[in-house]
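Asker: Chain by chain, the residues:
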Amino acid sequence: MTTPDTQGPKVGLLVTCLVDAFRPNIGFATVRLLEQAGCTVEVPQQQTCCGQPAYNSGDNITAAELARSVITAFEGYDYLVSPSGSCIGSVHKYPDLFQQSPEWESRARHLADRSYELFSFLTDVLGANDTIRARFEGKATYHDSCSGLRQLGIKRQPRALLQQVEGLKLVEMEDAEVCCGFGGTFCVKYPEISGRMVDDKAQAAQASGADTLLGGDLGCLLNMAGRLKAAGSPVRVYHTAEVLADMAHGPGLGDGEER
Amino acid sequence: MESHSHEFVQRAGAALHNPTLQQALGRAKDGFVLKRFNAVSALSEYEALRDRAVQIKNHTLEHLDHYLLRYEEAVRRNGGVVHWAADAEEARNIVRDICRKAEARSVIKGKSMVGEEVGVNEALEEAGLEVVETDLGEYIIQLAEEPPSHIIAPAIHKTREEISDLFHRFHAKYGYTQRLTEVPDLVNEARQVLRQKYLSADVGITGANFLVAENGCNIIVTNEGNGDLTSTLPRVHIVTAGIEKVVPNMEDTTTLLRLLGRSATGQDITSYTTLFSGPRREGDPDGPQEYHVVLIDNGRSTMLADEFREMLRCIRCGACMNHCPVYGAIGGHAYGWVYPGPMGSVLTPLTLGLREAKDLPNACTLNGRCQEVCPVRIPLPDLLRNLRHRQFQARMGTKRSRWGLALWGWLARRPAMYRLATRVQARLLAGMGGKRGHISKLPLGGNWMAGGRVMPVPEGETFMSAWKKRQGGRG
Numbered sequence: 001m002t003t004p005d006t007q008g009p010k011v012g013l014l015v016t017c018l019v020d021a022f023r024p025n026i027g028f029a030t031v032r033l034l035e036q037a038g039c040t041v042e043v044p045q046q047q048t049c050c051g052q053p054a055y056n057s058g059d060n061i062t063a064a065e066l067a068r069s070v071i072t073a074f075e076g077y078d079y080l081v082s083p084s085g086s087c088i089g090s091v092h093k094y095p096d097l098f099q100q101s102p103e104w105e106s107r108a109r110h111l112a113d114r115s116y117e118l119f120s121f122l123t124d125v126l127g128a129n130d131t132i133r134a135r136f137e138g139k140a141t142y143h144d145s146c147s148g149l150r151q152l153g154i155k156r157q158p159r160a161l162l163q164q165v166e167g168l169k170l171v172e173m174e175d176a177e178v179c180c181g182f183g184g185t186f187c188v189k190y191p192e193i194s195g196r197m198v199d200d201k202a203q204a205a206q207a208s209g210a211d212t213l214l215g216g217d218l219g220c221l222l223n224m225a226g227r228l229k230a231a232g233s234p235v236r237v238y239h240t241a242e243v244l245a246d247m248a249h250g251p252g253l254g255d256g257e258e259r
Numbered sequence: 001m002e003s004h005s006h007e008f009v010q011r012a013g014a015a016l017h018n019p020t021l022q023q024a025l026g027r028a029k030d031g032f033v034l035k036r037f038n039a040v041s042a043l044s045e046y047e048a049l050r051d052r053a054v055q056i057k058n059h060t061l062e063h064l065d066h067y068l069l070r071y072e073e074a075v076r077r078n079g080g081v082v083h084w085a086a087d088a089e090e091a092r093n094i095v096r097d098i099c100r101k102a103e104a105r106s107v108i109k110g111k112s113m114v115g116e117e118v119g120v121n122e123a124l125e126e127a128g129l130e131v132v133e134t135d136l137g138e139y140i141i142q143l144a145e146e147p148p149s150h151i152i153a154p155a156i157h158k159t160r161e162e163i164s165d166l167f168h169r170f171h172a173k174y175g176y177t178q179r180l181t182e183v184p185d186l187v188n189e190a191r192q193v194l195r196q197k198y199l200s201a202d203v204g205i206t207g208a209n210f211l212v213a214e215n216g217c218n219i220i221v222t223n224e225g226n227g228d229l230t231s232t233l234p235r236v237h238i239v240t241a242g243i244e245k246v247v248p249n250m251e252d253t254t255t256l257l258r259l260l261g262r263s264a265t266g267q268d269i270t271s272y273t274t275l276f277s278g279p280r281r282e283g284d285p286d287g288p289q290e291y292h293v294v295l296i297d298n299g300r301s302t303m304l305a306d307e308f309r310e311m312l313r314c315i316r317c318g319a320c321m322n323h324c325p326v327y328g329a330i331g332g333h334a335y336g337w338v339y340p341g342p343m344g345s346v347l348t349p350l351t352l353g354l355r356e357a358k359d360l361p362n363a364c365t366l367n368g369r370c371q372e373v374c375p376v377r378i379p380l381p382d383l384l385r386n387l388r389h390r391q392f393q394a395r396m397g398t399k400r401s402r403w404g405l406a407l408w409g410w411l412a413r414r415p416a417m418y419r420l421a422t423r424v425q426a427r428l429l430a431g432m433g434g435k436r437g438h439i440s441k442l443p444l445g446g447n448w449m450a451g452g453r454v455m456p457v458p459e460g461e462t463f464m465s466a467w468k469k470r471q472g473g474r475g
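Going down the list, the sequences are from chains U and F.
Residue numbering for the first sequence is 1 to 259, as defined by full-length UniProt numbering.
Residue numbering for the second sequence is 1 to 475, as defined by full-length UniProt numbering.
Careful, some of the hints might be misleading.
What the hints assert, rightly or not - DSS-like cross-link-like pairs, simulated, lysine-lysine; straight-line CA separation at most 30 Å:
{"no.": "1", "chain 1": "F", "residue 1": "358", "chain 2": "U", "residue 2": "189"}
{"no.": "2", "chain 1": "U", "residue 1": "139", "chain 2": "U", "residue 2": "155"}
{"no.": "3", "chain 1": "U", "residue 1": "10", "chain 2": "F", "residue 2": "469"}
{"no.": "4", "chain 1": "F", "residue 1": "358", "chain 2": "U", "residue 2": "10"}
{"no.": "5", "chain 1": "F", "residue 1": "435", "chain 2": "U", "residue 2": "155"}
{"no.": "6", "chain 1": "F", "residue 1": "399", "chain 2": "F", "residue 2": "435"}
Source of the hints: derived by calculation from the structure; they are not laboratory data.
Input sequences plus hints: build the corresponding full structure.
Answerer: Quick look at the structure:
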């Protein structure tokens with residue numbers, strides 16, 4: 001759908017509610033990466049949240065309303081891109097919410113087909129494998145967030161992009177594909193079980209010898225950073241987009257200004 | 001079996017603080033995961049086999065009445081009797097009546113999850129019969145008077161020391177007074193005790209992995225061979241099986257068998273795969289004189305008619321629980337009923353009611369690992385989400401979480417208001433964090449940190465407002 005008079009595809013950025021509220025840096029890093037890869041990026045002002053908390057809590061009516069609002073806001077773009085596999089997984093589920101309405105179902109499907117998680121968009125769609133200009137001194141390990149991994153098949157893409165970061169050494173931790181225990185409302189409803197799960201994760205991250213923990217979903221990252229900071233661990237936590245955009249030189253998640 | 005699903009939170013808490021259980025879980029989890037991975041990686045046609053299995057199961061479920069009637073007819077041709085049980089009570093009554101008519105005093109049992117589901121043991125013991133489990137794991141938990149904590153490895157939560165204690169206590173009456181500690185010795189002693197039980201039992205009860213419609217065959221897989229002895233030595237053999245166990249023919253059964261062993265224990269095929277086709281015929285050297293099959297519905301036909309039909313594809317391999325990080329943290333007893341883990345979190349609310357098992361659909365992070373390993377591709381996370389939808393419609397859940405969700409939903413539909421609220425919240429939390437960058441207490445309740453965590457605080461400014469400023473500067 002790219003018109004000849006524009007440089008590249010027109011991308012609507014789905015910021016994600018957590019990035020908006022907690023870590024705007026990830027949003028700006030995403031914009032930089034997309035622009036470096038030749039996209040024109042816009043941020044539709046109508047967006048709030050993809051509706052996943054409602055959907056996963058069984059409130060399908062609210063979920064459908066928020067889905068309609070996202071569909072309307074992003075229909076005019078070539079692509080919808082977000083620095084979160086979880087939110088894109090949610091957008092891919094939109095058609096399920098409109099089984100009674102063929103018109104909305106088709107609009108939902110049309111949007112879902114053009115919606116991508118950031119790393120898979122950069123690699124699988126744009127083939128932008130040599131646009132990374134970043135330097136990061138450290139030994140990093142990557143946590144595969146469940147939604148991105150299992151709903152969208154994201155595993156190789158972030159690792160391939162990270163290979164291009166100067167100074168960064170990637171090491172694998174044990175059980176990188178096992179859930180960190182965040183699970184949206186799960187960690188609030190069952191904090192003790194969630195705590196045990198994130199404990200295992202924090203231990204695996206530290207045992208890998210890495211000094212930095214990376215991931216592609218802020219929810220998981222907040223959860224893991226929270227456990228690491230509580231334990232006084234020196235492991236820094238960043239969203240992969242921050243590292244790729246050369247914007248991971250400030251404090252990591254939960255670090256504050258002291259370090 | 002009595003349900004304790006409503007005690008999920010307390011039981012999960014206790015499990016997390018039980019070091020012996022944690023030790024046992026850690027060992028078990030890793031073994032099953034690795035073995036399955038190796039077994040399926042070595043099978044190049046694994047994905048195709050899964051697709052075929054889904055087709056077989058879906059086709060059978062679509063024509064379940066047809067295949068069940070064909071199966072019944074075939075069993076009758078072979079000289080057996082088929083009984084139909086609508087619910088657990090009816091199933092118990094049927095089994096008890098067969099035992100009474102046979103004037104039985106002692107019963108041996110192969111592992112049968114549906115037997116646990118309908119409470120066969122309790123019913124027979126109440127009627128004055130001696131019931132002995134012959135699967136080693138089931139035997140151990142029977143001595144401990146506990147329910148199974150895993151459908152493939154019922155005593156997976158027990159350590160060797162605990163088993164040593166149990167045998168020492170219960171085997172003295174058979175003349176085994178020495179306390180044993182080594183695994184082979186423990187297994188041998190159990191074998192000696194069970195051998196006497198096999199020889200003296202009047203009735204043998206087994207479950208069924210598959211019921212073959214074309215020839216009336218009943219197939220069970222074991223690694224101990226106990227199923228063979230249980231079904232051939234006593235005068236009467238009773239098979240208890242859920243109605244979803246029927247498979248059209250032998251060819252289809254082999255497809256499912258190849259998936260079952262690999263998914264469950266990582267074996268290409270289990271040590272014993274035993275086929276029964278009825279009572280002893282004239283001239284047969286062994287086999288039971290009577291052969292009964294109890295086909296149990298107990299909520300299954302309701303599932304067949306609604307959005308949970310796919311759950312009936314389950315072949316009870318246990319891969320979902322072996323890979324579930326929640327199960328791995330708390331073990332099977334926390335779930336409070338026969339079927340634990342992801343498959344149990346779907347089955348228990350459907351069988352016992354959403355209120356009894358209200359925590360189970362929610363005690364899942366929807367991480368999808370269970371679906372990834374399910375040999376028959378049951379969309380477990382979707383089914384759990386459907387149960388949450390039912391709960392939401394029934395206005396279940398605490399008032400606080402319902403109001404919280406409602407308030408959030410109201411805000412999220414009003415972008416301007418939502419943005420203001422987000423900005424205020426981001427500023428507040430950032431202020432609370434100060435220079436540390438994280439906080440260990442939240443002002444408005446929220447016990448997220450109870451699991452030994454702190455909360456990283458926001459940067460302070462929201463993306464949307466910072467973006468607006470940046471755009472303004474540009475323009």
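Asker: State for each hint whether it applies.
Answerer: How the hints compare with the structure:
{"no.": "1", "hint": "F/358 to U/189", "in the structure": "12 Å, holds"}
{"no.": "2", "hint": "U/139 to U/155", "in the structure": "18 Å, holds"}
{"no.": "3", "hint": "U/10 to F/469", "in the structure": "21 Å, holds"}
{"no.": "4", "hint": "F/358 to U/10", "in the structure": "45 Å, violated"}
{"no.": "5", "hint": "F/435 to U/155", "in the structure": "35 Å, violated"}
{"no.": "6", "hint": "F/399 to F/435", "in the structure": "36 Å, violated"}
Hint compliance for this structure: hints 4, 5 and 6 are broken, all remaining hints hold.
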